[in-house]
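*Asks:* One-letter residues, chain by chain:
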Amino acid sequence: MFKFILKRLGVAIPTLLILIIFSFALMKLAPGGPFTSEKPLPPQVLANIEAKYGLDQPNYKQLTNYIVGIVTKGDFGPSFRYKDRSVNDIIAQGFPITLKYGIWSFILAVLVGVTLGIIAAVKHNSWIDYTAVGFSISAQVLPNFVMAPILVIIFTLWLNLLPGGGWNGGQWQYLVMPVIALATSYMASIARITRSSMLEVLNSNFIRTAKAKGLPNRVIIFKHALKPALLPVITYLGPTFVAMITGSVVIDMYFSTGGIGQMFVNAALNRDYSVIMGITILMGVLTVLFNLMVDVLYAWIDPKIRY
Amino acid sequence: MVVVSKKIKSMADNMASYEMGKKNSLWADARRRFFKNKAAVISLIILSLIVIFAFSAQHLTKWSNEEIDWAILGDVATMGKPSLKSGHYFGADPLGRDLFARVAQGSQISLMVGIVGAAIAVLVGTLYGAIAGYFGGRIDSIMMRIVDILMSIPYMFVLILLLVVFGRSIFMLFVGLGLISWLDMSRIVRGQTMVLKNKEFVEAAIAGGSNHLTIITRHIIPNLLGIVIVYASLLVPLMILTESFISFLGLGVQEPNTSWGALISEGAGQVLYGTLWQLLFPLFFFVTALFSFFFIGDGLRDALDPKDR
Amino acid sequence: MSILEVKNLNVNFTTLSGNVKAVDNISFDIAKGETVAIVGESGSGKSQTVLAALGLLAENGKATGSVKFEGQELIDLPTKKLNKIRGNHISMVFQDPMTSLNPFLRISDQMIEVLTLHRGMSKSKAFNEAIRMLDAVRLPDAKQVITRFPHELSGGMRQRVMIAIALSCQPKVLIADEPTTALDVTVQAQMLELFKGLTKDFGTSLILITHDLGVVAGIADRMMVMYAGRLVEKGSVDDLFYSPAHPYTYGLLHSTPHVDNPEQRLSPIAGLPPSLENLPSGCAFHPRCAFKLDRCQKEAPVLKTSADGRSNACFYKGDFSEVGEE
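Chains as they are written, first to last, in our numbering: chain A, 1 to 307; chain B, 308 to 616; chain C, 617 to 942.
Derived from the structure by calculation, the hints contain no laboratory data.
Misleading hints may appear alongside valid ones.
Unchecked claim - Dumping the calculated DSSO-like pairs for lysine-lysine here, alpha-carbon to alpha-carbon at most 30 Å:
id : chain 1 : residue 1 : chain 2 : residue 2
1  : B       : K343      : A       : K123
2  : B       : K392      : B       : K369
3  : C       : K696      : C       : K759
4  : A       : K7        : A       : K73
5  : C       : K696      : A       : K227
6  : C       : K914      : C       : K637
7  : C       : K741      : A       : K123
8  : C       : K637      : A       : K304
9  : C       : K678      : A       : K223
Construct the entire structure; sequences and hints are all you get.
*Replies:* Here it is in structure tokens:
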């Protein structure tokens, strides 16, 4: 297993490097530098500022310094827009927020999605099945930016139960709608995949053998069918995670929760390049780590893959 | 995407097993099965209606999508409600512009972006995947490794980056969308090309002395057509979703152009003022169009791979 | 004394192209300790017959009629009650050892669960018993094998595991669906020896489904021949082999090449088995029958039992050497 992880890391690291270089190159290609959109500065001042930020050095040197900084100190450098704050500061402000509602969303989507999928498959062609399928289909046209305002209409406008936005330290009233809005469409697609995978497994020969052994239904579902049925679902969790990260941008914008997505869009609009790069790289690292975990989980369940 | 891949694989297997001579009957059979599928046919009709609406609605109203109705500007919440009398069939947006005209225009843009974006992704993905799958070996390894790496990058961030760095134009939007979506397509096409490559009729063609180009164009691509069509039909709603997402963030189409995503964004922001029509009308078109595309895609897939589900 | 009584069993499947009758009005009995072979080509309905008995039909299948085990009706028996019988008193060994074992569970898990469930053993006792069973089916190195996963075993080993599982609770009836088809000949011979020994030692009734007449000759006492879902002939193996009464049985016997006659030309039965969705009128076999009469196309013959205990469903009453024999 250890070798497996090592192998995966071997792919992950070049991926991250490429991501960093790509982002860096994009920054450099962009018209205008980080300081040219303010009122024009006298050249001497501009030169001084650039020297301060190390922008007068050749590009490759900037790149290597940057990478070294990240790897050795976890330092993403200073923000180009906010003179007294570093990228790390900004990230530290927004990340815990995104993490909190992101994790809840993920758990909700997986738990509800998988449970719904299993029930639908086991009660194939019953009203439960049809309802679950109906829900899955409907929810796929309800992405987070559609769910969010609908939830607000219902819970804030009509029922006056929940606040329409804000974070307030993450109290539950401020969590509910962001979490549901983010989770809904993934809940649906996870349910769909679980259901179809479970149906396929339940029709397989080895389940027929299990039935022929006289095993009770519960045992067949949980001991025999669940593991193989969950494999495609696990594979799907990787892209789900990535999608949720990007989806959090919408949640931040709409609910003004102040998470990392909002930081990113602000930085993008302000041309705060170091923040943009820092967040992109952070997200890249998370994605790679998460995919690694998913791969390990998959290998752990499937005895045919043993490193 | 994973669900799609599995079903598409079985469908492609089914298609590849139709002999060359019987190809006509495959399409005829498929067409028959498709039209038997009620959901798909209804969706097709509805989608056509939406398209007609998008491109001809402008003639039904005296308002353009940019004009501000000064008469109601001060009090859109009460005076801007949808009504046949005032000529604002869908009501007015927060700036006093006619929502009917704007929704029509937004529909045009969203549909076009969806279809053109999907077309680009399909073109690039198919070519890329076919080449990788056909030549195999090192070429395939390298090409697919690149795809793997690209897939693990949170594309939305890169996309937003691109849009901000290079400016928000429709062109950039297409480039960005195209950049993301061809990856999955290339994987599927590559897989299928590999399966097809090993089928007998390709061996026969090679034995008969055809060169690579002929084989690719005459044997492989026609057999990929089925999957490509189905996948493209699923890509269109995905493109619309992605574009809407970006526009929702304010990074997509620029004023005075608008799209479903942008309209939904505006409407969503006004929700607490009670002007719900500003959200609901674009939302309705958005959801209906997506549903239709999904059902049509499902129908196409079932038509080309008639396995009992 | 019949341990299994099948009366008027019908199995129907609802498909996109309509209703398909996989098993058409079959009746037969199995006595205690006897080995009965069900013979027929693919699609003849032999597997569906036994699957129906054990409630293992696919979702779109429906069984009507009666299958009684020791007097207890099995058709439509509630699952809870059926589970007391399945794996316990009636066991089944399936055709494909590759896919019939759960790839995600160790052999030990898959064997122990039957023992703890039906015989109330503790896990450790069951573990030892499982090893004993694997030894009994002559699986080499049982202690090692039992800790493995199915994909680490060969086809023959997997099949033995399946047999061991099926025999764990000393069933009264063992159903084996083409147990040797996926195996090579030497392994096949060992399997049959195994079966013979078991039926002798434990008095187990064996229902053997096969299309291989050599296997039938090797271990079966009686045999039933099925065609297109219908039972066409029944009787002792000796009777059917030496004097078949149905043209299909005759055709089967004579399409098997003989080892000691290498010069003999192969004489297959002309034509192909019919599609169950499009059965011929009257007797299902008549389009391929060398002995058909006029009425065979209009009427379907009914299985009739004669005084000597044999049954067949055919209008032709003559000798088979008269027509078409070399």
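*Asks:* Against which earlier hints does the structure fall short, listed by number upward?
*Replies:* 3, 7 and 8
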